Structure formats: structure tokens, C-alpha cells
Amino acid sequence: MGIMSMNVYEPHEWKHGTKVAGVPWKNPVGTASGTFQLAACRWFYDVSQMGAISTKGVSPVPWEGNPTPRTAESPAGMVNAVGLQNPGVDHYLVDELPKLKELGATVVTNVAGHSDDDYAEVVEKLADSPADMLEINVSCPNVSHGGMSVGSDPKTLHRLISRLRPITDKPMVVKLSPNVTDIVSIAKAAVDAGADALSLINTLVGMRIDIRTGEPIIANRTGGVSGPAIFPIALGFVWRVRQALPDIPIIGIGGIDSGEKALEYLYAGANAVEVGAAALYDPTAPLRIARELDDLLDSRPQLAAKLAQGQTWR
Amino acid sequence: MGIMSMNVYEPHEWKHGTKVAGVPWKNPVGTASGTFQLAACRWFYDVSQMGAISTKGVSPVPWEGNPTPRTAESPAGMVNAVGLQNPGVDHYLVDELPKLKELGATVVTNVAGHSDDDYAEVVEKLADSPADMLEINVSCPNVSHGGMSVGSDPKTLHRLISRLRPITDKPMVVKLSPNVTDIVSIAKAAVDAGADALSLINTLVGMRIDIRTGEPIIANRTGGVSGPAIFPIALGFVWRVRQALPDIPIIGIGGIDSGEKALEYLYAGANAVEVGAAALYDPTAPLRIARELDDLLDSRPQLAAKLAQGQTWR
Amino acid sequence: MSPSSFIPTARAVEQATAAGYFPGRRSVEITDNQRLDEGVYRLTFRDPYIAAHAKAAQFVNLFSSDPLKLMPRPLGISEVNGEEVSLIFAVVGKGTDEFSHLRAGDTVDVLGPLGKPFRLQDDAHYVLVGGGLGAPPLIFTAQQLAQRPDCKVSAVFGYRSTRFADDLVGKYANRVESITNAEGNVVDLLNQIEDSINVDGLTTVILSCGPTPMMKAVASWAQRRGIGCQLSLEERMGCGYGTCVVCVVDTLEGRKKVCADGPVFTAEELGWA
Amino acid sequence: MSPSSFIPTARAVEQATAAGYFPGRRSVEITDNQRLDEGVYRLTFRDPYIAAHAKAAQFVNLFSSDPLKLMPRPLGISEVNGEEVSLIFAVVGKGTDEFSHLRAGDTVDVLGPLGKPFRLQDDAHYVLVGGGLGAPPLIFTAQQLAQRPDCKVSAVFGYRSTRFADDLVGKYANRVESITNAEGNVVDLLNQIEDSINVDGLTTVILSCGPTPMMKAVASWAQRRGIGCQLSLEERMGCGYGTCVVCVVDTLEGRKKVCADGPVFTAEELGWA
Ligand SMILES: Cc1cc2nc3c(=O)[nH]c(=O)nc-3n(C[C@H](O)[C@H](O)[C@H](O)COP(=O)(O)OP(=O)(O)OC[C@H]3O[C@@H](n4cnc5c(N)ncnc54)[C@H](O)[C@@H]3O)c2cc1C
Ligand SMILES: Cc1cc2nc3c(=O)[nH]c(=O)nc-3n(C[C@H](O)[C@H](O)[C@H](O)COP(=O)(O)OP(=O)(O)OC[C@H]3O[C@@H](n4cnc5c(N)ncnc54)[C@H](O)[C@@H]3O)c2cc1C
Ligand SMILES: Cc1cc2nc3c(=O)[nH]c(=O)nc-3n(C[C@H](O)[C@H](O)[C@H](O)COP(=O)(O)O)c2cc1C
Ligand SMILES: Cc1cc2nc3c(=O)[nH]c(=O)nc-3n(C[C@H](O)[C@H](O)[C@H](O)COP(=O)(O)O)c2cc1C
Ligand code: FES
Ligand code: FES
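If you read the protein sequences in the order shown, they are chains A, L, F and B.
Numbered according to this note's numbering, the first sequence spans residues 1 to 314.
Numbered according to this note's numbering, the second sequence spans residues 315 to 628.
Numbered according to this note's numbering, the third sequence spans residues 629 to 901.
Numbered according to this note's numbering, the fourth sequence spans residues 902 to 1174.
Isolated chain A (complex conformation) (with noise of 0.2 Å):
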């Protein structure tokens, strides 16, 4: 499976799909949410390929973000501070929304907010569009108010997801924080309120120092760590869920790099998974390894006869 001979624009019948929550996804790889934004990556490679496209989170205005620098490198991995910053709910239904479902993308729309409110806006704002599936982010670190704050607390999920549930019949996805205690209390939560699969997981809290200066390099001063450096941390987190709630849908997040790492998520028991942080440095890395899983799965009938019926591993 040599990265060198992967021609990716080669016409490819996907042979082994996969169903999360009900929703088929060509193949069980998606991009993750904050990593894809259609205007840059359509010119990189067919979009509509991938398993699912996760868009950036949205939120019921557009958002600022946070002060540059954004990011600083870690060993394997990045950190970045981003914020969320995004032109809202409103242009998103009007520009990228509809275009990638012109593509035949599946589309899972990441759903940002600061407050319970916020949420509920722009659920309601998507209960009508063509989304296929909805993505509630919990879990951002580099936001003040929501975010993270809400998805490290199983009451406060609770209550979220259950006022969110009502507003719409489209599949919702709970994005969940590896930065807590006990993630089986909160994924249960997320499950108890009405949630139809679980996103794990988004950035782990980090940072960096300018050692010729002594201060942060980040303006924000901390930020999320995602990229290779992450991908054992994430898997222990799919798999502890996995072994909680044997039944609910699981896409499994982090330092996804190649085919073989995403397979591991697979045996670990998620449906599917999402690439982040690898599209940064290598554009058409969503797509490279949703071949080479596609690859992968051939020799593993029964693993992937499973995942075809969206049935997964454990």
C-alpha cells in the first residue's frame, strides 16, 4: 500500500460503504469538521468521494475567532486556536450548503453555539436543508462560553440535546471532548437526550512556548492538539465508549494519517471515521486514505459486511 503508487484521481468504484445512523456514506471515511472548507478543497480532488464531508462549524451569526497567531507546530502534531470563526448559520445555507449537495457530497453540518440559544437556532435553521446529518460540537476548546464547556458536564449535555432534539427528525451527531474525567458519562448523556451517534474526539487542550520570548506562541495561549501525535488517545476514547453503549453509532476522530490507522478505529468499534489534520499538510489525504481502507477491507469480509449493514466490529 505504497502512498507512492496511489494515483487518487483514478476512477474508483468505492467497495465498501458503510451506514452511520441510518445515513449511507460511500465509504466509512469522512473529513473532519474545521479541516474542509469546500472553496479550497474542491480544487484538490473530487469531494463528493469521500465517505461524508463534516463542514466547519456554524453558528447562528458569523463569528470572529479568535486573535493570529492560530496555531503552532507540536511534535506530530499542531496546535491551533481558531475559535470557530465562521460567516454563519445564514451564509453557509446559501454558499456552501448547497453546493456540496450539488457535488452529491453526504454532508454532516457541524453545529456551533455559546449558549443553549445558539444551538437551537441554527438547528432550526438546518431542520429544513438538505444537511444529511447534523454534528452538535461540544467539545471546542477555544471558545469561552459553550463549546467545551458544555460538553464536559453530562447535566448540561443532557439539557442541551434534549431542547435540540425536538427541532429536528435529521440524524444528530454529538461531537465530544477528550478533555473530561469520564467520557462514558457524558457519552451517555449525549445517548439518554436523544443523540442518534457519537463524534470522539475533538482537540485535546495544549500549547506552546516561544522559547526566544518566553510567551505563548498562540495568541489565545492555549489551543487544541490534533495531527498523528493524538491517534492513541483518540482510540482509547472510541474504544471506552465503544465498550459502554455497544449500539450507538461512533465516528471515531484523530490523527488519522493513512488507511491502517483508520482501520484500527474500525476494530476499536466505530462505523466510520473522520480525517483532520492530516488534509492540512497534505490536501488530498482524505481521500488517499479512504482508498487505502477501501484497500484494507477487502481482505477483512466480515469486518466489512458489518460496517455495509452499519453494524460495527464490537
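Hints in this document: simulated from the structure, not taken from any laboratory.
Model, not experiment: these values are computed from the prediction.
Be aware that one or more of the hints could be misleading.
What the hints assert, rightly or not - Facing chain A, a subset of chain L residues (Cβ under 7 Å, in silico): (1) T495; (2) L518; (3) V519; (4) M521.
Cβ coordinates follow ideal geometry from the N, Cα and C atoms, glycine included.
Model the placement of chains L, F and B with the ligands on the given structure of chain A, informed by the hints.
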């Protein structure tokens, strides 16, 4: 600062010492618990040259640890599930500790237990020993009772440290887990109960799966992730604890493989650091890092002066 | 993630363009690496695609071969000769240090060309105001402008010490003025040459790249004289191609991406005028 | 952590030994790499220290040059010739795959020699029972025993298919018997040669290395015949030099470190007898 040109055996006068909770360290770099055993490391370098030696966690009776395999590789890191195998405190008191003291090392004795009684028993036995500091490990992710469960809840931790505090006059360092939602409340609980210093972080829960079998590589399934991969995450924990607790001495741990990384911890507000995984793949790494840091501090007289007085950058 | 894990440039470009896409990250061969000054290097590699498509102020992402260092190092294109592309960079950290040791025959991973170029017209007098490592993209701008017979080009460069770019830009510019830190800054130099800035009745346009304080000073110098001014910015980047929203700058129309909406902005857009 | 970040072997060894220490991780030069069989390689590097000090069943840690792969790859020493040390390994994962591509003139990082050797006496008949990639340390054992004129050595090797080690051990052993999976296993072979196992009235001692089930069968074969038996074990390692307690095995005296208390244990110590 080329490693190429570093002869760690050349005679060296330490230029920049520090104090942690009143205990002088020759330099701000120690070994991290579980990655140092005298019988192994003394062949490679003069262990008394380290700022301090934190020894493997000792329990009241010998512990068998977990079944093998106990380790798996991860990108720029490793996962381990040793499970605190150790020959018990009595053995430690006749074997490891006196030899270390004879060599002139500053010793931080790492204490493990399955229960409050266990910890108390070990601390009692160490009270009259020549150990310079005790490091209470309430953060091991690889034992089912005690360990991380104690260090994840402020109340439980407060109860434990309050119980241990009167047993000894030795400076007591509490070693914290990163696998928590709110490190600050846990750090505060430890300090309120009488901890003289904090060390952080212990390993992050994680795992790897063998894609040939679909099963976890480590017999214990999950383990603790350490090594360069966790560096920005660990640094972020030290930063946040320092922001909340300006006065408590802090030992920064996680992913240190160079003097420059050690320096980032000092700028984040640590008094000293400990080197773990790097010593496993490069036996003389702790001493090399101490030397590199000693040189880096030459051009940072303000920081060096603060450290010398047991103060910190932040 | 070592260079060899990526497909070589010819294949990558061929495959992508045949499929109608922009070529992704690929491995290219170094043909030359020269030290221009203390800690300043001019690196040349072969990439027919960039050579054919690059425009003034565009940049490329260069990648370390160390898989611990995954993030892009954006570097402005400084010259194109045939199929060869040159960059000029200062060694500031570990990535650029690694690049400084590359030798002809080595490979490096690259992505590009990236960014929106200077908007150039057919007849104008372009004053290229560069500071330090802001000079490289302006050398390429001069090279591009040399193809427009009705344009005139003056380079006004400020250096820390050595005038490492004067000769390079001199190949393409009609006039080269420069100043070192010890002598003054580029605004001093602009003042000195102000009287001769009108050339052949052409509209004068300033294109600038350098440290932010310098560019702000240049923008206000231009504004006071009613001279149009485009600035090429720098910001820490996550992707360099517009997908991560890491690299923003405040403009009058809100925060824009330096990598994809820029790196070129007008002084007006930035509200610096 | 690339090979070049470590000090070269001569300097490292010189500095450490002059200071009275065991040399740490260092960079050594590959002098040869040969394919012995499908996925099996014999790698040779120059390291005077290991060459001078290595003993039967000792191993070295080899390190990947990829800084994402930090953990040691323990590999048994298979031969020493002058200042050169050989290893024989199977490609099982990414690290050994990388080693299979090393060429003469490349460097690789190494730590060693590590582990407690077979305990050898001056006059005995040693039956070296190896399975698959358990053979390499036994080749070196034969080489070491060849220096003891009063010892006799028989090699009894089991292979998956190709008999890649017969010739190598044949240089040093008095007798070589081997069997492939298709023909049977090493215990079958031991049964076949049992009648001729007493040589010159020497005490027979079995030294074995291979997959655990094989070694357990060999140990019980030996025990039923009252033959002493030492076994060289394998276990996943964190450090390879005794500091991390990752690599343990259950013995009658509790859990011991394979890397530092072993890799050699007697059948009695393991309770396998
Ligand atoms: C559009 C653009 C064009 C540029 N053109 C040039 C040029 O032509 N010549 C030149 O010498 N420099 C140029 N730079 C700056 C150059 O990108 C940095 O000096 C370089 O990335 C530093 O990398 P490093 O590995 O040596 O530093 P490190 O500090 O080790 O890098 C760590 C991370 O921080 C980033 N980083 C560090 N400093 C900067 C910086 N000043 N700007 C952006 N990212 C930074 C790196 O890209 C990397 O991701 C340009 C920057 C941008 C944004
Ligand atoms: C004392 C000792 C001596 C050995 N001698 C030899 C020998 O002479 N020839 C030979 O072919 N093999 C030998 N092995 C096994 C050899 O160490 C592994 O095959 C090798 O480490 C696999 O590395 P990898 O990168 O290809 O596999 P990967 O699976 O990519 O390695 C990932 C991690 O797991 C470890 N690992 C994987 N498989 C094993 C294993 N079977 N044993 C120990 N660690 C493993 C690796 O060391 C590495 O840390 C020995 C093992 C030990 C403990
Ligand atoms: C630059 C950047 C921006 C991100 N923005 C979002 C976001 O808007 N919403 C969200 O749920 N996750 C966001 N994430 C988190 C990723 O979707 C993903 O969960 C995380 O990066 C771990 O995956 P990775 O290691 O593959 O990057 C962002 C990550 C990065 C690197
Ligand atoms: C093999 C191994 C064993 C460890 N055992 C202990 C232990 O006994 N007590 C303890 O407090 N920490 C233990 N740790 C944690 C380390 O001391 C350290 O906190 C952690 O590894 C992070 O530092 P590093 O990235 O430098 O390795 C162990 C770590 C490793 C890798
Ligand atoms: S660097 Fe990613 S959008 Fe500009
Ligand atoms: S591998 Fe570390 S003690 Fe054996």
C-alpha cells in the same frame, strides 16, 4: 546545541540549580518515575548528576503488575501498561534508596497504593528514610483501584492527602493525572490538603490495535501514552495550574526530549521537570537534557536567578 | 511523511491536471542551494507546474522531511527560470534550518503555487518596496513585470545589513535603490527618491512586502501621496490553501484568510491607508 | 532522533568507556545487508565495542530513523567477525521493513550488547534448538562455543520453509540437523536424533530459542530426559536495558525482566521443566 557534540561524561559544574519545595536540586532536570531503576541506569551515566531521581512507584507489598504485552508504539510516543509492578517498599528501603543516597542523588520516592491505607503504610515506612521528597502517585491509569481514580476527584484526593500529611515532614509532591475535566480543582484540593508541590502530568489513557488480529496490542487493552507526542498537552496542564496557583512548586513532566522542551516548561511556570520516555530509547537522555538546559539558562539570567531561589518565571 | 512518501512531481502534476485538479503535495528535486548572506539562502527546485503558473507574490508551502514537523513553511517565490523555481529564505527556526542544508539532488515536498497575486496592469510605474525577507516575492514581481513592456519598475529595498537581493532584482528592475538598517529605513529611502518617482507619466503603484510596521508606514506614505498600494502579508499558517482559517487578518470587510484571500491586500482593504 | 542526532560509535564508546560507563545509544555504519530468504535479512554493522563484548544470546536494540517510531527493536546477535556484528531478522512490521532497506554505508542507531547470556561451561555437548528467527542467537552461540575446544555443538533448527541458517551455523557447529514445517517440528527432529545425542561422554545441555510453544515443548522434552535446558525468550520491550519493567515473564521467583534478568532463563526458573 548539537547532540552530536555533547559528551555527557565530561566533567561539568552545574551552573543553574533550583529548589523544589525547599529541596535543592543540582539542576532543574530529574528522571520521571517508572523510567528509572538504579540497577539499570547507573551503567550509563552518573545518576547523582541529575537534579533529582524519581524512583518507580512503591507499594506496601510487592505488586505483580499487569500481564504482558505491556507496551505498544504510537506516533512519537508509546503506550504502557506496566501496572506498577514493584518489589514493595521494604525492598526499596534496603535496596534502591540507600544506594541512591550513597551515590549522592537527590531522591524523590514515588508512592503507589490501591487504597488510602496502602498509601499511608508506604508513607509511614518512608517517613524516617533518607528520601528527600515523596511523590504521591494518584494518577496511574493502569491499576484498577487507587491510582488515577484517587487523583480524578478533588474530594477523594483531599481526604487522602490530609491523611498522609501528618505522617511525615518530608516535602510531599502530588502527581496529577491529565485524564480529568478540571485539573485546577484537583490541584487545589491537593494543595489545600497540604501538598508541598505538584508534579504533572502522568500518562494519558490510550491504546493501539493490531490490524492483523483486530485486537488491542496491550494485554490490559488500554495503557498510558507518553513521549514527545504528549508534550504540548502536558505543557498546557502545567500552564493552567500555574495560572491558577501562583505559589505552589510544580514539576513539569511529559514529552521532554531536549533542553529546549525543558525550557518551555520553565517558562510556563514550572520549577523543575522530569524526563520519562526519552530515557527508554536513549539511556543518557536525562543527563544530556540537563546539560542542554544548563547551557540554555546561561543566556537567560533572569529565569536562572528565579529558579536558583526556588521561584518561577510565572 | 518523509519526502519519498509523496508522489514525485511529474506524476503528481500529470495525474492531477489530467483529472482537472490542482496538483497536491509532491516531492521535487533541488537543483541548487546558495548562501546569499549570513542565514539567508536561495533554494532552487524543478517543478514545471509552478514554473508555468506562478504569479507575483504567490508562495509555496515547503515541508520538513522530519515527520515530527508536519506544518507547512510558506515561502514566497523569488524567481522562475525555465522549469526551475527559486525561493529566498532566512533561517529562523528548525524548518528553515533544515532547508538551508538541502543540496542539489535532494528532494523536498512542496505544495503550490498558492495565494492571490498582486493585481498588475499593463502600464504603470511599480515601486517595489521590500524589507528584509519581504524582498523575495518582489524580485519575482519584477521578473513578471519585465514581460510587460509598458511598465517601469523601481525596487526600493531595506536590509538588515548585506544587500543580498539588489543584484537579483537588478536583473529585472529599471532602478534599484537600497538602504541598510544602519543607514535608515525604506520610508527614508522613499522620501529621498520621491522627486523622481513619476516616470514617463505612468501611474505609480506601490507593491510592498516586509515586516508589518514597515508595510504600515509604507501604506501611509503612499496614502498621503494618493499612490495606490498593495501589500503582501505574512501570518502563521495551518494549511496555506484556505481550508483551516488559521491565517486571518483584519480587513474592513472582516477577517480574511492571508493564504487564500491574500497574501496580497490593498492598503484600503486593510484600512491601513 | 534521526541517526545523525546521535554521536557516532567510536566517539560514544570512547567517551563512555573512558568515563567508566557502558556506551549509550550511538550511530553505527552498515557494512552489509543480505537477503537470506523471503522477508529474512542478515544485516552487518561495524561496532568494535559490541564485537569485543557480545556473548551468546545477547541482543542489541536497533532504532528506526523515523522519529515517529521511537521504541527499540531488540534483535539477537547472530555473528561477530572482527569489528563487525551481524543480526538476522524477519520483516514483521514497519521497523524491520525499514532495516531491510538499509545499505552498506548507511547508518543506524544501536544500543548494546544487552541481556544476560547463556551460561556456558567448558566441556559439554550443546544442542542448540532453534525455531525460525530463534536461530540467529544460536548461530552466535555456536560461534562462541567454537572457541571452547572441549565443547561439542549440534544445531537442531526448524524453519518455516527455506533453511536459511544451516550454512551459517554449519561454520561453527559439529553437526547441523534441520527440518521445515512441512516435514515436522524440532521436537520430531530431536526424537530422530535422540540416539546419537550423547557425544564423547559429555554432559548434554540444550540451549533453545524460538516461539514460546516450541520452547515449552523442548523444555519438557529435555526435562523428561534429565537434560539441562536454557531458553532465550522474547517479549515486547520498552527499554531493553532493565529500567521500565515492561518486558516481564513469570518465573518461579516472580516476574522477571526478559531484557535484563534474561533473555536467558533455565527451564526450572520458568517452571517449564
Ligand atoms: C505568505 C508567506 C510568505 C513568506 N515568504 C517568505 C520568504 O519568501 N522568505 C522567508 O524567509 N520567509 C518567508 N515567510 C516566513 C516563513 O514562512 C517563516 O520564516 C518559516 O515558516 C519559519 O519556519 P521555521 O521552521 O524555520 O520556524 P519554526 O519557528 O521552527 O516554525 C514553526 C512553525 O511556525 C511557523 N512560522 C514561524 N515563523 C513564521 C513566520 N514568520 N511566518 C509564518 N509562519 C511562521 C512555521 O511555518 C511553522 O509552521 C513567509 C511567510 C508567509 C506567511
Ligand atoms: C530479546 C529479543 C531478541 C530478538 N531477536 C530477534 C532476532 O534475532 N531476529 C528477529 O527477526 N526478531 C527478533 N526479535 C523480535 C523482534 O524484536 C521483532 O520482530 C521486531 O521488534 C519487530 O519490529 P517491527 O518494527 O518490524 O514491528 P512493529 O510491529 O512495527 O513494531 C512495533 C513495536 O512492537 C515491538 N514488537 C513487535 N513485534 C515484536 C516481537 N515479536 N518481539 C518483541 N517486540 C516486538 C517492536 O519492537 C516495536 O517496539 C527479538 C525480540 C526480542 C525481545
Ligand atoms: C484548524 C482546526 C479547526 C477545527 N475546527 C473545528 C470545528 O469547527 N468544529 C469541530 O467540531 N471540530 C473542529 N476541529 C477538530 C477536528 O474536527 C478534529 O476533531 C480534531 O482535529 C482531531 O482530528 P485530527 O487529529 O485528525 O485533526 C478543528 C481542528 C483543526 C485542526
Ligand atoms: C514505562 C513507564 C512506567 C511508568 N511508571 C510510573 C510510576 O510508577 N509512577 C508514576 O508516577 N509515573 C509513572 N510513569 C509516568 C511517567 O513518570 C511520566 O509521568 C510520563 O511518562 C510522562 O512523561 P514522558 O512523556 O517524559 O514519559 C511511567 C511511565 C512509563 C513510560
Ligand atoms: S492557513 Fe489555512 S486557511 Fe490560511
Ligand atoms: S524492556 Fe524495559 S525493563 Fe525490559
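> Which numbered hints does this structure break?
Replying inline: Of the numbered hints, all hold.
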